[in-house]
Amino acid sequence: MKLKQERRHKLQLFNAILCAIEEDITINKTARPTRIQHYSRLSYDKMMNHFIELEQKGMIYRTGDGLVSITNKGKKFIKQYDELISLIENVGL
Amino acid sequence: MTVLDPNILNPFTLLDPHISHLISLIITIASISLSFIISWHFFRSYRFSGFGYLLGLPVGFTFIALSFLFEHLSLIYSNNDLAYPAFFWIQLALQSEALALIALSYRFKNNEDAGQYNIGDNLLTSTERHQIKTSVKRDILSSSLPMVMIAIPFIVPISELVSDPDFNYPALADMSFFMRLYNMAIFGYIFSSSVLSLIKAANIRLLYIPAAFAFLWLEQYSLTITYFDNSIVAFIGSLIARLAGLTLFVYVVYNVTSKQRRRKIEIEARKKT
Chain A
1 MKLKQERRHK LQLFNAILCA IEEDITINKT ARPTRIQHYS RLSYDKMMNH FIELEQKGMI
61 YRTGDGLVSI TNKGKKFIKQ YDELISLIEN VGL
Chain B
1001 MTVLDPNILN PFTLLDPHIS HLISLIITIA SISLSFIISW HFFRSYRFSG FGYLLGLPVG
1061 FTFIALSFLF EHLSLIYSNN DLAYPAFFWI QLALQSEALA LIALSYRFKN NEDAGQYNIG
1121 DNLLTSTERH QIKTSVKRDI LSSSLPMVMI AIPFIVPISE LVSDPDFNYP ALADMSFFMR
1181 LYNMAIFGYI FSSSVLSLIK AANIRLLYIP AAFAFLWLEQ YSLTITYFDN SIVAFIGSLI
1241 ARLAGLTLFV YVVYNVTSKQ RRRKIEIEAR KKT
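Those sequence lines, one after another, are chains A and B.
Going letter by letter, the first sequence gives residues 1 to 93 in our numbering.
Going letter by letter, the second sequence gives residues 1001 to 1273 in our numbering.
Be aware that a few hints might be false.
What the hints assert, rightly or not - Listed below are the simulated DSS-like cross-link pairs for lysine-lysine, each with C-alpha atoms no more than 30 Å apart in a straight line:
1. A:K10 <-> A:K29
2. A:K29 <-> A:K73
3. A:K29 <-> B:K1200
4. A:K79 <-> A:K29
5. A:K10 <-> B:K1200
6. A:K57 <-> A:K79
No wet-lab data here; the hints were simulated from the structure.
Here chain A stands alone, though its shape is the one from the complex:
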C-alpha cells in the first residue's frame, strides 16, 4: 500500500531545513548536509536545490568543507515562522 505524504509548503520546507541546521549546530557544533537531510526528511537533490535558494536569500552560508551554517536572517525566519504557525493554530485558522 502506498502511503500518501502530505505536500509541504515552501515556507514549511525552508523552516524544516533551517531548524535542522540550527539543531545540528546546537547538538554537534557543526551542520552537515547528510544530517540536515535526516532531520528535514527531504531527498538529497531537493535539499541541495533549497540550499541554493536559501543561500541566495542570505539565510544560510556554506563553507568550503561542505559544512552549512545559519545566518541571523535565517534565525529570524525560524522565529517568524514559529510565530506564524502559533498564531494560525491559536486563532483556529
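We have chain A; now place chain B onto it with these hints.
Frame of chain A; chain B shown alone:
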C-alpha cells in the same frame, strides 16, 4: 427626571454628560490600541507568509479600530445635527464590514482546506465524478456567500443614506439594530469556524480565541438590549465585554511570542540527553 430619547444613536449619550466624554475617550483609546496591536500582529504574519486568507484579519481589526474612533467622534459632535448621525452611520458600516472581512479569512481558509485533494481524472469512477459535480455546485453556492457577507454592510447603510439623505434618527437607530443582528450572526459564524478548526486540530485547550469572539458577540447582544430599553447597565456590560474580548485576543497574540522560547528549551534538553 429627564425622559430618555427612544431613538438614541450613540449609547454613550445615556451616561452622565459630565463624565460620558471622559469615559468614551478612555474606552476608545483602550479599544483602538488593542485593535491595532491585534491588526499589527496579523499584518506581520500576512507579510511574512503571503497567505491571502490572512489579510482579512489585519484589515478587519483596522476597520474595527476606526469604527471605535468614529463612535467617539459621534459623541463629541452629539449636538451637531449633521456630524452626529453621519459619524454614527460610518461607525456602523465600518464595524459590520470589519466583521465580514474577519469572517472571510475563516471562510477562505475552509475553502483552501476543502480543496486539498488531487485525483487523476482518468482514474475516477462514475460515482466519484458525480460526487465532484455535486461538490462543484455546492462550491458555487458557497462561493457567493462571501460576496453576500461583504455586500450587506455596504448596501444596507448606503440604501439607508439614499432613501433618507437627511439622516432620520429613528431610521438610523433601527438600522443600527439590524446591523447588530447581522454582526451577531457573523460572530456566530466566526465562533463556530474557529471552534471546529480547533477541535479538528485537537487543540481544544486553545479556546481563548473563540472565547474572545464570544465576548464580542456579547457586546453586540448587550447593545441590542440597549436599543430596546436604553439600559445603562446593558451598555456598560457591552463595554466590559468588548474590552474583555479584545484583551483576550491580545493575550493570545502575546502568548504566541512566548512559545519561541519553548523550542530553544526543547533543543537544549535534547542536547543534554
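Here is how each hint holds up against the structure:
{"no.": "1", "hint": "A:K10 <-> A:K29", "in the structure": "27 Å, holds"}
{"no.": "2", "hint": "A:K29 <-> A:K73", "in the structure": "19 Å, holds"}
{"no.": "3", "hint": "A:K29 <-> B:K1200", "in the structure": "39 Å, violated"}
{"no.": "4", "hint": "A:K79 <-> A:K29", "in the structure": "20 Å, holds"}
{"no.": "5", "hint": "A:K10 <-> B:K1200", "in the structure": "24 Å, holds"}
{"no.": "6", "hint": "A:K57 <-> A:K79", "in the structure": "16 Å, holds"}
Checked against the numbered hints above, the structure violates only hint 3.
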